[in-house]
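Number of protein chains: 2
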Amino acid sequence: MDKFKRTLIAIPLALLLSLSSLADDWEPLLNGNSFDGWKQLGGEAKFTIKNGEVTGTSVAGTPNSFMTTKRDYTDFVLEFEVWVQDGLNSGVQFRSMSKPDFKDGRVHGYQFELDTAERAWTAGIYDEANRGWLYPVDYNEPARSLFKHEQWNTARIECVGNEVQTFLNGKQVSHLIDEKAISGFIGLQVHSISGSELAGYKVRWRNLRINTKSPKLSPPEGIYVRNIAPNTLSDSEKRQGWSFLFDGKKTNAWKSSKSGNAFSADGWTVGDGALTINHGDGGGDIITKKTFGSFELDFEFRLTKGANSGVKYFVANHAKPGADSPRYLGLEYQVLDDDVHPDAKQGVVGNRTCASLYDLIPRYRKVHNRTVPLNIGDWNHGRLVSLPDGTIQHWLNGFKVVEYERGSNIYDALVARSKYADIENFGLSEKGHILLQDHNDEVSYRSIKIREL
Amino acid sequence: MDKFKRTLIAIPLALLLSLSSLADDWEPLLNGNSFDGWKQLGGEAKFTIKNGEVTGTSVAGTPNSFMTTKRDYTDFVLEFEVWVQDGLNSGVQFRSMSKPDFKDGRVHGYQFELDTAERAWTAGIYDEANRGWLYPVDYNEPARSLFKHEQWNTARIECVGNEVQTFLNGKQVSHLIDEKAISGFIGLQVHSISGSELAGYKVRWRNLRINTKSPKLSPPEGIYVRNIAPNTLSDSEKRQGWSFLFDGKKTNAWKSSKSGNAFSADGWTVGDGALTINHGDGGGDIITKKTFGSFELDFEFRLTKGANSGVKYFVANHAKPGADSPRYLGLEYQVLDDDVHPDAKQGVVGNRTCASLYDLIPRYRKVHNRTVPLNIGDWNHGRLVSLPDGTIQHWLNGFKVVEYERGSNIYDALVARSKYADIENFGLSEKGHILLQDHNDEVSYRSIKIREL
Chain A
200 MDKFKRTLIA
210 IPLALLLSLS
220 SLADDWEPLL
230 NGNSFDGWKQ
240 LGGEAKFTIK
250 NGEVTGTSVA
260 GTPNSFMTTK
270 RDYTDFVLEF
280 EVWVQDGLNS
290 GVQFRSMSKP
300 DFKDGRVHGY
310 QFELDTAERA
320 WTAGIYDEAN
330 RGWLYPVDYN
340 EPARSLFKHE
350 QWNTARIECV
360 GNEVQTFLNG
370 KQVSHLIDEK
380 AISGFIGLQV
390 HSISGSELAG
400 YKVRWRNLRI
410 NTKSPKLSPP
420 EGIYVRNIAP
430 NTLSDSEKRQ
440 GWSFLFDGKK
450 TNAWKSSKSG
460 NAFSADGWTV
470 GDGALTINHG
480 DGGGDIITKK
490 TFGSFELDFE
500 FRLTKGANSG
510 VKYFVANHAK
520 PGADSPRYLG
530 LEYQVLDDDV
540 HPDAKQGVVG
550 NRTCASLYDL
560 IPRYRKVHNR
570 TVPLNIGDWN
580 HGRLVSLPDG
590 TIQHWLNGFK
600 VVEYERGSNI
610 YDALVARSKY
620 ADIENFGLSE
630 KGHILLQDHN
640 DEVSYRSIKI
650 REL
Chain B
200 MDKFKRTLIA
210 IPLALLLSLS
220 SLADDWEPLL
230 NGNSFDGWKQ
240 LGGEAKFTIK
250 NGEVTGTSVA
260 GTPNSFMTTK
270 RDYTDFVLEF
280 EVWVQDGLNS
290 GVQFRSMSKP
300 DFKDGRVHGY
310 QFELDTAERA
320 WTAGIYDEAN
330 RGWLYPVDYN
340 EPARSLFKHE
350 QWNTARIECV
360 GNEVQTFLNG
370 KQVSHLIDEK
380 AISGFIGLQV
390 HSISGSELAG
400 YKVRWRNLRI
410 NTKSPKLSPP
420 EGIYVRNIAP
430 NTLSDSEKRQ
440 GWSFLFDGKK
450 TNAWKSSKSG
460 NAFSADGWTV
470 GDGALTINHG
480 DGGGDIITKK
490 TFGSFELDFE
500 FRLTKGANSG
510 VKYFVANHAK
520 PGADSPRYLG
530 LEYQVLDDDV
540 HPDAKQGVVG
550 NRTCASLYDL
560 IPRYRKVHNR
570 TVPLNIGDWN
580 HGRLVSLPDG
590 TIQHWLNGFK
600 VVEYERGSNI
610 YDALVARSKY
620 ADIENFGLSE
630 KGHILLQDHN
640 DEVSYRSIKI
650 REL
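These protein sequences, in sequence, are chains A and B. Just so you know, the first sequence maps onto residues 200 to 652 in this note's numbering. Just so you know, the second sequence maps onto residues 200 to 652 in this note's numbering.
Don't take every hint at face value.
[Said to hold, decoys possible] Per the computed footprint, the stretches of chain A lying under chain B, defined by three or more beta-carbons under 8 Å from a beta-carbon of chain B, are:
| id | stretch |
| --- | --- |
| 1 | 542 to 550 |
| 2 | 554 to 564 |
| 3 | 600 to 611 |
[What the hints assert, rightly or not] Derived lysine-lysine pairs resembling BS3-like cross-links, with alpha carbons at most 27 Å apart:
| id | chain 1 | residue 1 | chain 2 | residue 2 |
| --- | --- | --- | --- | --- |
| 4 | B | Lys618 | A | Lys618 |
| 5 | B | Lys454 | B | Lys519 |
| 6 | B | Lys544 | A | Lys618 |
| 7 | B | Lys630 | A | Lys565 |
Worth flagging that the hints you see were computed from the coordinates, not collected in a lab. Since we're looking at a predicted model, the values are computed, not measured. Even glycine gets a Cβ: it sits at the ideal position worked out from N, Cα and C.
Please put together the full structure from these sequences, using the hints given.
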């Protein structure tokens, strides 16, 4: 083989493909030494450009600043390289907007996060000045180590229809399905700084290029898909094995826990895409017909003021043999208005607050030093993970707030001094039902999905 | 630079060195197609040799079988490659013996473990037919993933003086200091099998070679050193920052918890290399003068029948301001004769048994499906690890039996329903004393060592 052939073979196939599509469908977003086609919005942080490389410099006492494209983009693949000075927070806006009728023109919309802090959420998706965190990178723990500090990182953002994927240094970080496709500008952010310590800190971008002619989603890498569109299952989720327990309409996955028979509409209402417990009707709990061992459960819940409910799992019938009626008990992801319902103050150290493992383990109130949000009167996102090795996780609005090992020595010690102390084998069946608790308060559920692991 | 020079540089320096020392000091242990200089001991498993490659084949109904060198070796470095069929357990004996006056000639001594099971302790050190596990690989968790299933693995055993190091596929696995250097044979083991399912399974060795002329220990990789020689600190431990809290003689690291003054000999005896609580003398607890935050604590303890003591850590004075006497409380590694002392049955789910976190978390009775040994009347090995991230581990005789996160939501929940419920900030001080509990029972301690992390 001659030298020329060897050289050719040494170029990875992926690079060749990307070079060929560059020739056809990619265009640079910034060139040379000019911000032609761009404008600055928000604060007064400094942006400079030289040979296509942008430097953003933080300035004390100014809000978040953005260098943004004048034109909007809907479906595209965006690639760039980025270098961030340690201590700075930054980001790249996409499908973003600035409108006089929304917070006085404040820049809002998707942000590809750039995070040099210990939290390490770079390439997570944040909805700037709007809904907050859509894809916190705790959903994809291994991706938290992808970011290279004070080195050039390669980034990729794919937006096709209502689906968004982000990549950092060649690995997928986020996978988001939103309610609908959004059109908007692209913008480079320099975050506001508190005090003046970080003044003069720099973030740099280069080789920004965009493909709007043939935008395609890369084959997903199987990471958790956060689907915000209520009561929908995306193709990506279906491929991962997700299915509905409640899709906004059908209740056929459920039965009454009282009779053990079919789902009874007594006390429960299906409407407006939600399954709602009627206040004071006493319809009783409902349980899934199927039982589950290792699974991921995704759901949204909406509490009225002072309301109480719960999502139980590894639910088994603990009635004595020959008893008249079943007695379904299990581990409970508490669903509660912590501020108003008195049970939040019962138990110990907050182990009856919302998203806690009821009467056993309190949820963390803060994660990464940020208060975990809980919205009364609006939808919250709950997530339950039961791994084959016995690890159980409770998630609330994107934050992992409880983690424990079912059946461990610590689990046994907790149960032995709880209200379940006298229940033999409590929470330890190999598989169990999922149960929605009717506490006679108005609480709604929707987008209840499960996949077995 | 010409092509020849480039080729030379491409050969790693280590390989060059090893090639050069091969020429001088290494000799093959097996050659060709003969077991000349070797003999089979123990069971009737089949050993064959072809072109220097040995195949051991398991046979039903026969005990552990060994193909052993006729001569003994004391100081040496041994290298070999090994391939093990999944399902089989095997090993390589070194410094081993077969004597008529020890268990009727049963082969005993150090074994380099070959472990295809989930436990994955390959290259750990087991004392065959004698003291059992000396270096379980749980001491060195990352090394549990080094073994390559049904592929050739490279192994290295270094014995110099009373120090032993093992390596697997280029990484250190074990580091053992024994009481004295031992001389003995080298032997290839085929383990006995239960039933006949594994009959015919194979283990293969090749490229066995030994260096007895210039045996040297490789620079240690900083893994945990298990030092069995009582009240000694090896150079390797000193380099890691270990120091004595009790070396068999000196008590100057300690003071009385009652007076807050110097160590009082009341109730405590120093003798025979041990620090012993006198039965019924009421001398009171002793605490270290220094306090510790992140540390590893290593100790040995010997319980008399029915005895009770404890090793407490993160010990702080919880007396009310102005109180007459101090009140030292902390997290307790329980030290107890579980079978005889009644406290083992108190608390819940065994959370007052030996090596448990007293009244909070029971120790695991089994690890890797093996019962954790506890020897009454003989020395046991205790180990406490307090990592900078808050993780605490209790070890008993080589097994990790308790692990928890100090100050976590689970920790708070456990304490809130324990005998410490009313102690403010229990166990949560940044640093704390180490305390040895005087429970008026005869319990001895020795080899108490600590290093700060």
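Which numbered hints are broken by the structure, listed smallest first?
-> As far as the earlier hints go, not one is violated by this structure.
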